[in-house]
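S.K.: Please model the entire structure based on the sequences and the hints provided.
Chain residues, written in single-letter form:
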Amino acid sequence: MKRLTTLLLLAATTVGLTACGSSSDADPATEASTVSVQDPWVKAADSGMTAAFGTFRNAADHDVTIVSATTDGVAGRVELHEMATDEDGQMVMRQKKGGIVVPAGKTHTLEPGGDHIMLMDLTRPVEPGQDVRVTVRFSDDSTMSFTAPARSFAGAEEDYEGGTDHGDMEHGDMDHGDHG
Amino acid sequence: MGEPRRGLSRRALLTTGSVGAAGAVVGAAGASAVAREAPAADPGTRTVAFRGAHQAGVVTPPQDHGVLVAYDLVEGADADALRRLFAIWTDDVARLTAGRAGLADTEPELALRPSGLTVTLAVGPGAVEAAGVDVPSWLGPLPAFSVDRLEDRWSGGDLLLQICSDDELVVSHALRLLTKEARTFATVRWVQRGFRGPLGRDRTPRNLMGQVDGTANPRPADHDALVWRSPTTTPDGPRWLDGGTTMVVRRIRMELDTWDEIDRTARERTIGRRLDDGRPLTGGRLEDDPDLDAVDANGLEVIDPFAHVRRARTDDRRQRILRRPYNYDDPPPPGELTDAGLVFVSFQADLERQFVPLQRRLAELDLLNQWTTPIGSAVFAVLPGARRGEQLGQSLLT
Chain V
1 MKRLTTLLLL AATTVGLTAC GSSSDADPAT EASTVSVQDP WVKAADSGMT AAFGTFRNAA
61 DHDVTIVSAT TDGVAGRVEL HEMATDEDGQ MVMRQKKGGI VVPAGKTHTL EPGGDHIMLM
121 DLTRPVEPGQ DVRVTVRFSD DSTMSFTAPA RSFAGAEEDY EGGTDHGDME HGDMDHGDHG
Chain A
1001 MGEPRRGLSR RALLTTGSVG AAGAVVGAAG ASAVAREAPA ADPGTRTVAF RGAHQAGVVT
1061 PPQDHGVLVA YDLVEGADAD ALRRLFAIWT DDVARLTAGR AGLADTEPEL ALRPSGLTVT
1121 LAVGPGAVEA AGVDVPSWLG PLPAFSVDRL EDRWSGGDLL LQICSDDELV VSHALRLLTK
1181 EARTFATVRW VQRGFRGPLG RDRTPRNLMG QVDGTANPRP ADHDALVWRS PTTTPDGPRW
1241 LDGGTTMVVR RIRMELDTWD EIDRTARERT IGRRLDDGRP LTGGRLEDDP DLDAVDANGL
1301 EVIDPFAHVR RARTDDRRQR ILRRPYNYDD PPPPGELTDA GLVFVSFQAD LERQFVPLQR
1361 RLAELDLLNQ WTTPIGSAVF AVLPGARRGE QLGQSLLT
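Respectively, the protein sequence lines represent chains V and A. Per the working numbering: the first sequence = residues 1 to 180. Per the working numbering: the second sequence = residues 1001 to 1398.
Simulated from the structure, these hints should not be mistaken for lab results. Predicted model, so just to flag it, every value in this text is computed and none were measured. C-beta atoms are modelled at their ideal positions from N, C-alpha and C, and glycine is treated no differently. Fair warning: there could be bad hints in the mix.
[To be verified] Label-pair distances were calculated between CB atoms; the ranges are:
(1) Q90/V with E1336/A: 49 to 55 Å
(2) G155/V with D1042/A: 27 to 33 Å
(3) E87/V with T1398/A: 52 to 58 Å
(4) G155/V with G1197/A: 34 to 40 Å
M.R.: In structure tokens form, the structure reads like this:
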């Protein structure tokens, strides 16, 4: 009983500390309720695919796992990705099996060149300065939503190992010449 | 969006007092952005509050380095585009001035020592038009002055950022980040970099002609009456600019190579002030007004009829402006020794009442005109400050 009380207190505290732009389920026992996100953002893109980033903080004393994500209609498909070295020694991105783990009491940063939330089959341009509403789902089926503003960004042009429909991740007319 | 609140250090208090005495700019009043010095000796951690009724970088004591960058909006940029751009810039400026990395900052370490960084956003006529708002009559090219030799490459612009810090690396980082984030909205029109010497014990900034510069600036107590727009200072509006001000940027080339040809006495006569300590030729202290009626033993005026101080001075106290210039010293073109001068920056509530009469007097007859040439000119409206939860440009875009 004492442990449950401590957990509830801890959860209540972290909800209070949740970063602006994010909201969690009211039930304090869920994974979502122990996680907050700081400085979320999305790379602006005209079409095809792009990615969302940010720092997730887990206040609980056990690991939590993000298993999937959705947007408010901007992306036809959303996947959780990681960067890894393929058999040719090239850095590629691929779906992260088992989801993205935010360790107990620690943070996990999604950033260009690392884990990220991949937004695919964009239904409309993601313009710089626009907000994208992202919802992540945890392994206990609880969800957390946050607002990620879009920014022009030249990086995050990684090759997608699994994708054959690699669209143009770059907004505007800039041609980086590395698209298949 | 936390603003570091630190107590004023003893050094900051001393600085404030003496700068005020020298007549330079100090933001020590009311809702103005106030410089807060870290208690530690590390000047790199000094921050200047971004949030407030007025933007920082206007009455803020000038930092050692500054860059002015003017942008042209891309074709088709509308109110929605401006709203998004200003949201991005508001967020990044709030972070950078607090010593935090921008949201998508690729060099986050360069943001950690802001060294008094301020970023000031102003709009030209093109941006006001894009917002779908009537352009004030004064927001455009200044009246043509006879001394002007203006070049397009230093003139005009739809948007302007003034970025100032005591650390030049910080200025460059902020300039690059804010320009990158704006790339889908606007292109760079011109960039003017400037510097000021760290003030010596006498707190007297000097320009590259060796002159004490900016001694006649309004005191902080006069800022509400002379700098900030309000229903009192500018009753005719527009109201979206209340809390803001008007900004003149003039690139003034100094003909230092011909200035070298005249002796010290003639130089002092040109200005009407002593070169060594900036005091008027008629005596008194640095901050005293020159005695324009004084005559010498021969009955000649001590202050030349065309001396800069006489031409610049006005009996109408409401006509004064707040000068915040930076020096520039660029590589000279082939065959010349120097390409240097002043990035003249002034702020005044009412451009037509305060700046234009002054500039006209100087353009007509000012001995200094022989050695100075305006080669660039632009007028901007400095938007009001963004309070907590607000975005820059909000009043223009509602």
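S.K.: Between G155/V and D1042/A, does the C-beta distance stay in 27 to 33 Å?
M.R.: holds (31 Å)
S.K.: Go ahead and decide if the range 34 to 40 Å is satisfied by the Cβ distance of G155/V to G1197/A.
M.R.: holds (39 Å)
S.K.: Do the beta carbons of E87/V and T1398/A sit within 52 to 58 Å of each other?
M.R.: Roughly 57 Å apart at Cβ, these two residues keep to the hinted range, so it holds.
S.K.: Falls inside 49 to 55 Å, the C-beta gap from Q90/V to E1336/A?
M.R.: holds (53 Å)
Hint violations for this structure: none, all hints satisfied.
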